[in-house]
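**Student:** Position one of the sequence shown corresponds to residue 1 (my numbering), numbered consecutively onward.
One should not assume that every hint holds.
As the list claims (entries may be wrong) - Okay, the calculated beta carbon distance ranges per label pair:
#1 Asp-301 with Ser-208: 47 to 57 Å
#2 Met-219 with Pro-24: 37 to 47 Å
#3 Phe-196 with Thr-5: 28 to 38 Å
#4 Phe-196 with Gln-175: 46 to 56 Å
#5 Met-221 with Asn-127: 46 to 56 Å
#6 Pro-24 with Glu-121: 28 to 38 Å
#7 Arg-21 with Asn-199: 44 to 54 Å
#8 Arg-169 with Glu-148: 34 to 44 Å
#9 Val-22 with Asp-289: 22 to 32 Å
#10 Met-221 with Asp-6: 32 to 42 Å
Claimed, not checked - No more than 27 Å apart at the CA atoms, straight line, and that leaves these computed lysine-lysine pairs for DSSO-like:
#11 Lys-240 with Lys-170
#12 Lys-98 with Lys-28
#13 Lys-34 with Lys-94
#14 Lys-94 with Lys-170
#15 Lys-170 with Lys-28
Hints were generated in silico from the structure; no laboratory data involved. C-beta: ideal position from N, C-alpha, C; glycine also.
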Amino acid sequence: MIWNTDRMDYYAADCILGMTRVFPERWKCLRAGKNAGILMKAEPTPDRFAVIISGGGGNGPFCPGYVADGLADAAVLGAPFAAPNAYAIYEAGKYLGKGSGVLLLYNNFSGDYLNNDMARELLEEDNIQVEVVVANDDIATALNEPRENRSGRTGIALLIKLAGACAQRKMPLRQAADIVRRANERLGTLSMHMYFDRNLIEYGAGFSGEPGIRTENHMDMKRSAREVVELLTESLNPGKDEKLFLLVNRLRLTSYPDSFIMANAVYEALSRNYKVERVRVAAFSNIVDTYGYEFSILCMDDEISELMGNSTATDSFMI
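Could you build the full structure based on these sequences and the hints that come with them?
**Tutor:** Below, the structure written as structure tokens:
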């Protein structure tokens with residue numbers, strides 16, 4: 001990804017300050033320092049637990065664009081490709097968690113794990129109730145290893161929505177965390193990068209240059225949609241009673257109309273054998289300078305389906 005800045009260490013801070021200048025009625029800045037920034041809702045919601053998400057600061061709209069009613073209460077950003085430091089996460093948790101506690105939600109990468117774990121310990125020392133959910137939805141990682149070793153990807157968007165819905169209903173923190181963990185176990189994401197000059201599709205490529213798990217030499221949209229569905233359903237094995245939420249994330253060079261055409265092709269392939277209850281398309285994590293997509297499927301039971309029923313709109317997307 002390309003960033004137009006000469007202050008990489010302060011990228012998160014500069015982003016957050018710009019966001020609060022543009023939408024002061026929506027957001028406020030709790031911290032804007034080197035290597036970490038904290039964006040919060042302008043008016044924190046009392047009498048319930050807070051949802052705090054964290055991650056690298058260069059891949060918007062994740063995670064600052066997810067600070068909204070029905071989603072996260074705060075986002076803690078690091079520099080591009082770098083986790084925020086533990087003390088910034090702790091600071092956000094201490095500010096928001098004095099009432100009903102905090103749910104820390106992040107993608108499964110080593111820096112994010114280490115810093116969120118340290119923040120959790122610090123918050124617990126302050127007698128603030130904490131629950132942690134680690135998204136590990138990327139089916140192309142940790143092959144032939146336990147699921148918990150997988151990396152996190154765009155599927156975290158659906159977990160944020162679910163956590164926000166639980167918070168809005170003022171569920172007890174532990175109950176909400178258990179629901180989000182249950183959803184995480186039934187969530188899978190697969191990337192698809194398309195290289196027109198080589199007539200090549202690559203499935204499962206990482207956003208830091210990691211090779212994919214499968215390549216195909218064609219540019220046929222319907223065929224690629226079938227291949228995506230094959231790989232994801234093979235991993236998730238949806239049950240006949242589960243309802244599916246399909247999320248399509250368009251990457252930076254993908255056009256707006258193409259993303260909806262592709263979403264429809266995947267929906268048609270998926271709905272032949274499964275009940276697809278909801279589809280959403282947007283730039284949910286604008287992370288790679290290429291043409292392509294990331295596809296996430298959440299297999300929902302009745303409780304999770306009901307919680308995911310309402311639409312939430314931000315300045316960047318609807319989910």
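**Student:** Hint by hint, note whether the structure agrees.
**Tutor:** Hint by hint, here is what the structure shows:
1. A C-beta distance of roughly 34 Å is found between Asp-301 and Ser-208, which places it outside the suggested range of 47 to 57 Å.
2. For Met-219 paired with Pro-24, a C-beta distance near 45 Å keeps the hint of 37 to 47 Å intact.
3. Between Phe-196 and Thr-5 the beta carbons are some 30 Å apart, a value that agrees with the proposed interval 28 to 38 Å.
4. In this structure the supplied range 46 to 56 Å holds for Phe-196 paired with Gln-175, their Cβ-Cβ distance being about 48 Å.
5. A beta carbon spacing of about 54 Å between Met-221 and Asn-127 agrees with the range 46 to 56 Å that was offered as a hint.
6. Restraint check, Pro-24 to Glu-121: a C-beta distance of roughly 34 Å satisfies the suggested window 28 to 38 Å.
7. Between Arg-21 and Asn-199 the Cβ separation comes to about 45 Å, which falls inside the hinted range of 44 to 54 Å.
8. For Arg-169 paired with Glu-148, a C-beta distance near 28 Å fails the hint of 34 to 44 Å.
9. Take Val-22 and Asp-289: their Cβ atoms lie about 24 Å apart, and the range 22 to 32 Å holds.
10. Range check, Met-221 to Asp-6: about 40 Å between beta-carbon atoms, so the 32 to 42 Å window is met.
11. Taking the CA atoms of Lys-240 and Lys-170, the gap is near 31 Å; set against the 27 Å cutoff, the hint is violated.
12. Restraint check: the Cα-Cα separation between Lys-98 and Lys-28 comes to about 19 Å, which is no more than 27 Å; the hinted pair holds.
13. Among the hinted pairs, Lys-34 with Lys-94 is consistent with the structure: their alpha-carbon atoms are about 20 Å apart, no more than 27 Å.
14. Distance check on the hinted pair: Lys-94 and Lys-170 sit about 19 Å apart at the alpha-carbon level, within 27 Å; holds.
15. The suggested pairing of Lys-170 with Lys-28 holds, with an alpha-carbon distance near 23 Å, which does not exceed 27 Å.
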